[in-house]
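Student: Chain by chain, the residues run as shown.
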Amino acid sequence: MPVFNEPMPRRTMVLFFLVDASSSMEGGKIGAVNDAIRNVLPMVNDISVNNNDAEIRVAVLKFSSGVEWVYSEPKLASDFEWLDIQAAGLTDMGEACRELSRKLSRSAFMKSEGGFFAPAVILLSDGHPTDDFAAGLNSLKRNKWFMKGIRVAIAIGNDADKDALAQFCLDKEGVFDVHDIESLRKVIRLVALTTSQIGSTSATTADTTKQGQVIAAVKQGIENNKPSSVEEGKLEPAEPKKDNWTDWD
Amino acid sequence: MLELKKGMTVHLTDGGTAVVEKELGRGGQGIVYAVKTDSGMMALKWYTDRPDDRFYDNLAENIKNGAPSDVFLWPLHITRKEYGSFGYIMKLRPEGYYEFTGFLRAKYRFESYHAITVAAMEICEGFKALHAQGLSYQDLNDGNFFIEPKTGHVLIVDNDNVFPHGEKSGIKGKMRYMAPEVVTGQNPNAHSDKFSLAVILFLLFCGNHPFEGARVASCPCMEEDAERRFYGSEILFICDPDDSSNRPVRGVHPNVIRHWPNLPGILRRTFITEFGKDRLLNPTRRLTELQWQSVIMAVRDNLVICPHCGEETYIDGASGCRCMNCRHSFDIPSILQIEKRSLALTKGNLLYIDRDEVPDVEVIQDKSDKSMLLLKNISGTKWSVDTPSGRTKIVSPGEVMPVKKGLIVTFGSFNKKGTIL
Ligand SMILES: [Zn+2]
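If you read the sequences in order, they're chains D and S. Sequential numbering from 85 applies to the first sequence in my numbering. Sequential numbering from 337 applies to the second sequence in my numbering.
One should not assume that every hint holds.
[What the hints assert, rightly or not] Derived PhoX-like pairs (lysine-lysine); straight-line CA-CA distance at most 25 Å:
#	chain 1	residue 1	chain 2	residue 2
1	S	443	D	303
2	D	310	S	358
3	S	683	S	486
4	S	417	D	310
5	S	358	D	270
6	S	676	S	464
7	D	310	S	486
8	D	310	S	400
9	S	508	D	232
10	S	613	S	676
11	D	303	S	341
12	S	752	D	270
13	S	486	S	400
14	S	443	D	159
15	S	342	S	427
16	D	303	S	417
17	D	270	S	342
18	S	443	S	400
Hint data in this document are derived by calculation from the structure and do not stem from the laboratory.
Make the full structure from the sequences, and use the hints.
Tutor: So this is what it looks like as structure tokens:
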């Protein structure tokens, strides 16, 4: 007779996306964000399903003039039907911090029988906060879940407030900037998969934190994905080797 | 660009080539591709994180020395350093083998308790051979084993982190599987492998983690410092006899709650010692694989067929000879004593005289006299039997002998003598 066992209990790791949906994101940027997250969700699901340490749930908060959760609670990636985010309005990044802090609580999103791993938060923005970001971030910094978690940000284009994003990550290395739509798509995928992988498994005995490991792995990934200059069409031909017949006396 | 594409050719240092056919999977360190080589389809693990030269040289050395045993899906060829990285060739995973993680997630089930003992034995065999060569695995976890659910046969994969004992591979293991001294900062070695091996064996027999009980379950956020405590500085076995503060939780850890009382006493005692304070603090005192194998052999000797329902049950559990399936109590009418081992002679039981998983004796009922049990020789060699009155009988393969007290059986090829008591 087969040996019937229940699945081992596992924890939950919530993967948060904080998406800037202000009017400057309109067009290609928000389109790439929608497309990238929609496409990465099935891959996040694969990481979750084949994982005995934790399952991954996804929560998405969009912020513009005000903030709004795409779903009212974290969902399994397989259940997360992606509805396109529309861009319009201001950049209430401070309020986004405050709202994240409200939900990072055992009386809100962080309730589960099996317990959690520390969450991972990915912040995407292309501009400067238009509200009181400092006050919002300060309240978030008092939240233990946030402080123990993985925090990374994607700075989209030249107008992104990289200082604000670095303050959010508590590490300026945690900010990855992208300057074209194709890299935006790729970096979202890379960051989402790396944080999912590292955030949802038991910590390693390495000296670096999970956040440090995510940052290093994303950097390596960006490096690996760079086409070589030859692929980009920059071909520097070598000079023909001249034989000066020296060994012929 | 460190990823390979279909149709690309990689060159092996021993002269062969491998042509990429398709991606099979990817992990933190690299991507596995199916490749066409001179000796047929193989798997290529290609590193996307470009490990250093020391790693490359070590891998080449392991390939040169060959697999410590058949249980390993060992690297066979290494590629040149090209396309900005390198990789190695191994055999493709055979059909019918599944990742141990899938068993723990209850996606796959062992077909029998016997299959679990086979898996346990083979994992010990593999690490015994590995350690005998002065090597250590360093990153043992549930993703490193593929198991065949019916037979329990094992394949150990991800052997690229195997380094000589005492040398650091640089690969960092998951705290959940690492020895407490490694979690608190020491380098992994063959002693810490032995700890990880014991964790794997506990998972095999009990279906839950040996250090995850009430204390761990009540931690709402398992952040990195908490893991360092629960698997390092404050590690506590869930079945610790002196400290009950980390017991398995009803409804959360049902497998161990169900299996633990059924397990033969020798296995329970071994886990208690192995996961007790003394062995946690003194890595060199941990059981060797050979010692584990004799424990597992004793477990197998205590796994019998229930005469009432015909299913497997352990004897020597907390409730003695009470079937863990149908709950009927039964007597063991006779036993076969071989040195310190006592093999139960109950109808339908299979006996293993040597360590392999091929049974040598089947206990059957005499068709004409149901009260009489017989031993059938299902081994490949003759037995000779000495009767109490001094006669000698020969039992050839396929033949039977009666279960009568005082008979002494010599199992030819195994050089073992058993007495029926
Ligand atoms: Zn029974």
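Student: Are the hints correct? Go through all of them and say.
Tutor: Hint check results:
In summary, the hint linking residue 443 of chain S to residue 303 of chain D is not supported, as the alpha carbons are separated by about 35 Å, beyond the 25 Å threshold. With a C-alpha separation of about 22 Å, the suggested pairing of residue 310 of chain D with residue 358 of chain S holds against the 25 Å cut-off. The straight-line distance between the Cα atoms of residue 683 of chain S and residue 486 of chain S is roughly 23 Å, inside the 25 Å bound, and the hint therefore holds. Taking the CA atoms of residue 417 of chain S and residue 310 of chain D, the gap is near 19 Å; set against the 25 Å cutoff, the hint holds.
At most 25 Å may separate the alpha-carbon atoms for a hinted pair to count; residue 358 of chain S and residue 270 of chain D meet this at roughly 21 Å. Note on residue 676 of chain S and residue 464 of chain S: the hinted pairing holds, with a Cα-Cα distance of about 23 Å set against a maximum of 25 Å. For the given pair, residue 310 of chain D sits about 46 Å from residue 486 of chain S by alpha-carbon distance, which is inconsistent with the 25 Å threshold. For the hint pairing residue 310 of chain D with residue 400 of chain S, the CA-to-CA distance comes to about 35 Å; that exceeds 25 Å, so the pair is violated.
Pair hint residue 508 of chain S plus residue 232 of chain D holds up; C-alpha atoms about 20 Å apart against a cutoff of 25 Å. Only pairs whose Cα atoms come within 25 Å are accepted, and residue 613 of chain S paired with residue 676 of chain S is rejected, the gap being roughly 29 Å. Note on residue 303 of chain D and residue 341 of chain S: the hinted pairing holds, with a Cα-Cα distance of about 22 Å set against a maximum of 25 Å. For the hint linking residue 752 of chain S to residue 270 of chain D, the alpha-carbon distance of about 66 Å lies beyond 25 Å, and the restraint is violated.
Between the alpha carbons of residue 486 of chain S and residue 400 of chain S the distance comes to roughly 33 Å, so the proposed pair goes past 25 Å and is violated. A threshold of 25 Å between alpha carbons decides the hint, and for residue 443 of chain S with residue 159 of chain D the separation of about 22 Å falls inside it, so the pair holds. At most 25 Å may separate the alpha-carbon atoms for a hinted pair to count; residue 342 of chain S and residue 427 of chain S meet this at roughly 19 Å. Note on residue 303 of chain D and residue 417 of chain S: the hinted pairing holds, with a Cα-Cα distance of about 22 Å set against a maximum of 25 Å.
The suggested pairing of residue 270 of chain D with residue 342 of chain S holds, with an alpha-carbon distance near 21 Å, which does not exceed 25 Å. Taking the CA atoms of residue 443 of chain S and residue 400 of chain S, the gap is near 37 Å; set against the 25 Å cutoff, the hint is violated.
Hint compliance for this structure: hints 1, 7, 8, 10, 12, 13, 18 are not met, and every other hint is.
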